[in-house]
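Peer 1: One letter stands for each residue in the lines below.
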Amino acid sequence: QITLKESGPTLVKPTQTLTLTCAFSGFSHSTNAVAVGWIRQPPGKALEWLAHIYGNDDKYYSTSLKSRLTITKDTSQNQVVLTLANVDPVDTGTYYCAHLQSSKYYTYDYWGQGTLVTVSS
Amino acid sequence: DIQMTQSPSSLSASVGDRVTITCRASQSISRNLNWYQQQPGKAPSLLIYGASILQSGVPSRFSGSGSGTDFTLTINSLQPEDFATYYCQQSYSSIMYTFGQGTKLEIK
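These protein sequence lines map, in sequence, to chains S and Z. Under the numbering used here, residues 1 to 121 are what the first sequence spells out, in order. Under the numbering used here, residues 1 to 108 are what the second sequence spells out, in order.
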């Protein structure tokens, strides 16, 4: 059974760096057929794809946020970490991590419950 | 970047109705289109992938169609648990997996 769970601070001050961790179980993140991604959702707004990382360490980032995002993995700990630098109140929202399966089609088939992050001074 | 445009942004319907939501891509994405359902306060869940393939466990009243740039999600015989927000997402471009802006389905 695949599960994912996000963790991190609930409150971050503007200009600080946000660090979120996705702890997962039920799959191996050591092949290029599997990725773990991050998606966020401002309150009352749409989903926004942020980044994902494959087991072979290939990384892909949102073009609009690429300069501020870093995604890394720790295969031994079954974790993926996302950092977002220089946060602003517009970065407030729920951050989800998700399992990306990549057979014929690429789909986020399992999601974490999400973690709400507020950026405020 | 590939842009995804959903319509309508909101929709009112009654239990038992049939509804259709459309999603248009700014360029051809073949059949690399996913649909997700999001209940209030919950994480999204995968409904359909590859434009028309029903995810395991999803009721057969949900169906998807389309290819290229135009796609539809149809829900037959709406049930109370179907009132939620629906998102399309393209997975054609490995550079960026864009979501649509969402369609909120409300009870009339």
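To be clear, the hints were calculated from the coordinates, so they are not data collected in a lab. Warning: the hint list may mix true and false statements.
What the hints assert, rightly or not - In the SDA-like style, the derived pairs of lysine to any residue whose C-alpha atoms are separated by at most 25 Å in a straight line are: (1) S/K104 - Z/L105; (2) S/K45 - Z/S94; (3) Z/K42 - Z/S67; (4) S/K73 - S/K45; (5) S/K73 - S/G44; (6) Z/K42 - Z/F83; (7) S/K104 - Z/Q55; (8) Z/K42 - S/T115; (9) S/K13 - S/G55; (10) Z/K108 - S/D74; (11) S/K66 - S/G55; (12) Z/K104 - S/S102; (13) S/K59 - Z/S30; (14) S/K45 - Z/A84; (15) S/K13 - S/S102; (16) S/K5 - S/G44; (17) Z/K104 - Z/R18; (18) S/K104 - Z/K104; (19) S/K13 - S/G44; (20) Z/K42 - S/T31; (21) S/K104 - Z/R18; (22) S/K59 - S/S102; (23) S/K45 - Z/S60; (24) S/K5 - S/D74; (25) Z/K42 - S/L11; (26) Z/K42 - S/S76; (27) Z/K108 - Z/Q3; (28) Z/K42 - S/N32; (29) Z/K108 - Z/S30; (30) S/K5 - Z/S56; (31) S/K104 - Z/F83.
Peer 1: All hints are to be evaluated individually against the structure, with a verdict given for each.
Peer 2: Quick rundown of the hints versus the structure:
Between S/K104 and Z/L105 the alpha-carbon distance is near 30 Å, which puts this suggested pair outside the 25 Å criterion. The straight-line distance between the Cα atoms of S/K45 and Z/S94 is roughly 24 Å, inside the 25 Å bound, and the hint therefore holds. Taking the CA atoms of Z/K42 and Z/S67, the gap is about 29 Å. The hint is violated against a cut of 25 Å. Between S/K73 and S/K45 the alpha-carbon distance is near 28 Å, which puts this suggested pair outside the 25 Å criterion.
Distance hint between S/K73 and S/G44 is unfulfilled; the C-alpha atoms sit about 30 Å from each other, more than 25 Å. Among the hinted pairs, Z/K42 with Z/F83 is consistent with the structure: their alpha-carbon atoms are about 13 Å apart, no more than 25 Å. Taking the CA atoms of S/K104 and Z/Q55, the gap is about 14 Å. The hint holds against a cut of 25 Å. A hinted pair counts as satisfied when its Cα atoms are at most 25 Å apart, and Z/K42 with S/T115 qualifies at roughly 11 Å.
Of the pairs offered as hints, the one joining S/K13 and S/G55 is violated, with about 32 Å between alpha carbons and a cut-off of 25 Å exceeded. Taking the CA atoms of Z/K108 and S/D74, the gap is near 48 Å; set against the 25 Å cutoff, the hint is violated. Taking the CA atoms of S/K66 and S/G55, the gap is near 20 Å; set against the 25 Å cutoff, the hint holds. For the suggested pair Z/K104 and S/S102, the alpha carbons sit about 28 Å apart, so the restraint of at most 25 Å is broken.
Pair hint S/K59 plus Z/S30 holds up; C-alpha atoms about 23 Å apart against a cutoff of 25 Å. For the suggested pair S/K45 and Z/A84, the alpha carbons sit about 14 Å apart, so the restraint of at most 25 Å is met. This hinted pair does not check out: S/K13 and S/S102 have alpha carbons roughly 36 Å apart, beyond 25 Å. For the hint pairing S/K5 with S/G44, the CA-to-CA distance comes to about 22 Å; that is within 25 Å, so the pair holds.
Distance check on the hinted pair: Z/K104 and Z/R18 sit about 15 Å apart at the alpha-carbon level, within 25 Å; holds. About 29 Å separates the Cα atoms of S/K104 and Z/K104, which puts this hinted pair outside 25 Å; it is violated. For the hint linking S/K13 to S/G44, the alpha-carbon distance of about 21 Å falls within 25 Å, and the restraint holds. Proximity of Z/K42 to S/T31 is assessed by CA-CA distance (about 29 Å); at most 25 Å being required, the pair is judged violated.
Our distance criterion of 25 Å between C-alpha atoms is broken by S/K104 and Z/R18, whose separation comes to about 30 Å. For a cut-off of 25 Å, the pair hint linking S/K59 to S/S102 stands: about 14 Å separates their Cα positions. For the hint linking S/K45 to Z/S60, the alpha-carbon distance of about 28 Å lies beyond 25 Å, and the restraint is violated. For the hint linking S/K5 to S/D74, the alpha-carbon distance of about 15 Å falls within 25 Å, and the restraint holds.
For the given pair, Z/K42 sits about 20 Å from S/L11 by alpha-carbon distance, which is consistent with the 25 Å threshold. With a CA separation close to 29 Å, the supplied pair Z/K42 and S/S76 exceeds the 25 Å bound. Pair hint Z/K108 plus Z/Q3 does not hold up; C-alpha atoms about 30 Å apart against a cutoff of 25 Å. For a cut-off of 25 Å, the pair hint linking Z/K42 to S/N32 is broken: about 29 Å separates their Cα positions.
For a cut-off of 25 Å, the pair hint linking Z/K108 to Z/S30 is broken: about 35 Å separates their Cα positions. A C-alpha spacing of about 22 Å is found between S/K5 and Z/S56, which places the hinted pair at or below 25 Å, so the restraint holds. Distance hint between S/K104 and Z/F83 is unfulfilled; the C-alpha atoms sit about 30 Å from each other, more than 25 Å.
Of the numbered hints listed earlier, those contradicted by the structure are 1, 3, 4, 5, 9, 10, 12, 15, 18, 20, 21, 23, 26, 27, 28, 29 and 31.
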